[in-house]
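Colleague: The chain contents come next:
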Amino acid sequence: MDEFDRRIINTLQGGLPLCEQPFASLARELGTDEQQIVARISKLLDDNVLTRFGPLYDAERLGGALTLCALSAPPEEFEEIAGKVNAHPETAHNYEREHALNMWFVLATESRGRIDEVVTEIESETGCRVFQFPKQEEFFVGLKLDA
Amino acid sequence: MECTSEIDGGTRRLVTATQGGLPLCVRPYAALAEQLGVSQDEVLARLSDMIGDGRIRRIAAVPNHYALGFRANGMSVWDVADEDASSCGREVGELPFVSHCYLRPRHLPHWPYNLFAMVHGHCREEVEAQVERISGILGGRQRAHDVLYSKRILKKTGMRLNGGT
Chain R
0 MDEFDRRIIN TLQGGLPLCE QPFASLAREL GTDEQQIVAR ISKLLDDNVL TRFGPLYDAE
60 RLGGALTLCA LSAPPEEFEE IAGKVNAHPE TAHNYEREHA LNMWFVLATE SRGRIDEVVT
120 EIESETGCRV FQFPKQEEFF VGLKLDA
Chain H
0 MECTSEIDGG TRRLVTATQG GLPLCVRPYA ALAEQLGVSQ DEVLARLSDM IGDGRIRRIA
60 AVPNHYALGF RANGMSVWDV ADEDASSCGR EVGELPFVSH CYLRPRHLPH WPYNLFAMVH
120 GHCREEVEAQ VERISGILGG RQRAHDVLYS KRILKKTGMR LNGGT
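Line by line, the protein sequences give chains R and H.
One point on numbering: in numbering that gives the first Met the number 0, the residue at position 21 of the first sequence is 20, and numbering is uninterrupted.
One point on numbering: in numbering that gives the first Met the number 0, the residue at position 96 of the second sequence is 95, and numbering is uninterrupted.
A couple of the hints might just be wrong.
[Unchecked claim] Where chain R lies over chain H, by a calculated footprint (3+ residues, C-beta under 8 Å): (1) 42-56; (2) 61-71; (3) 80-88; (4) 121-127; (5) 131-145; (6) 148-155.
In short, the hints are calculated from the structure, not lab data.
Here the structure is a predicted model, which means the values were calculated and not measured.
Cβ atoms here follow ideal geometry from the backbone N, Cα and C, with glycine treated the same way.
Please put together the full structure from these sequences, using the hints given.
Modeller: Here it is, written out as structure tokens:
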């Protein structure tokens, strides 16, 4: 990662302007042209240094539902169960964590009812009980990681 | 589908076209407009409305923590009394190393924790020190806590409407 990468990552975490040429001012600041910025973003995405670049949607404000879930997968079946959970398009994120509850995933759906449907599907596909941890109250969401 | 009326056609098309990311070009909103068969002004206006009411948090790059050296990601979980939970959450959520802080339901008897705070550090020792700071702030209001470290990202695509992958 070079200085150019760092500047792009740090600036673009904060947001992109809503105008015809949103990379123009960043390009000026960095002494380069917009095409170079776009090419570098593309490379950072390909290298998985950036995981996403675009509008960050709030599923709930869009009228949908978002719930954190967890299950306890037997070690010998872990990969297979992860595959089954990931196969659902409603699974937005899935992490392996060190605990008896070793698989933590976020379901994002268009309606509250659909969360329960997907949970029931996952339970029947995997044979695991799924615990739901919907957020009841939220305190500050947002982290800027300095590259 | 239950909530279709919540998302109108134009918004749905915009969300579907961008949930995998913004077009990577010098004029991304113009490219979107062409793709959707609408004017660039309409794309900009819709995005602006959605940012205004929080349906879009921001248009931004999301870094991979691990690639940036934040190799330790700990989900700290705390059992605090219900009557203290909101004030505890507010205090913990303000800490600079906490990215997400929520109250969630307990699942007794095995899961007594109701306050979740995501902590990021360069290494586990850093996360442990940060968890100690949270513990110090909560003081006697905490009854138990644990930290669940992430071992692997199994999937990280974000929300996908319409069954898109």
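Colleague: Evaluate each hint against the coordinates.
Modeller: Results for each hint:
no.	hint	in the structure
1	42-56	holds (count 10)
2	61-71	holds (count 7)
3	80-88	holds (count 3)
4	121-127	violated (count 0)
5	131-145	violated (count 1)
6	148-155	holds (count 8)
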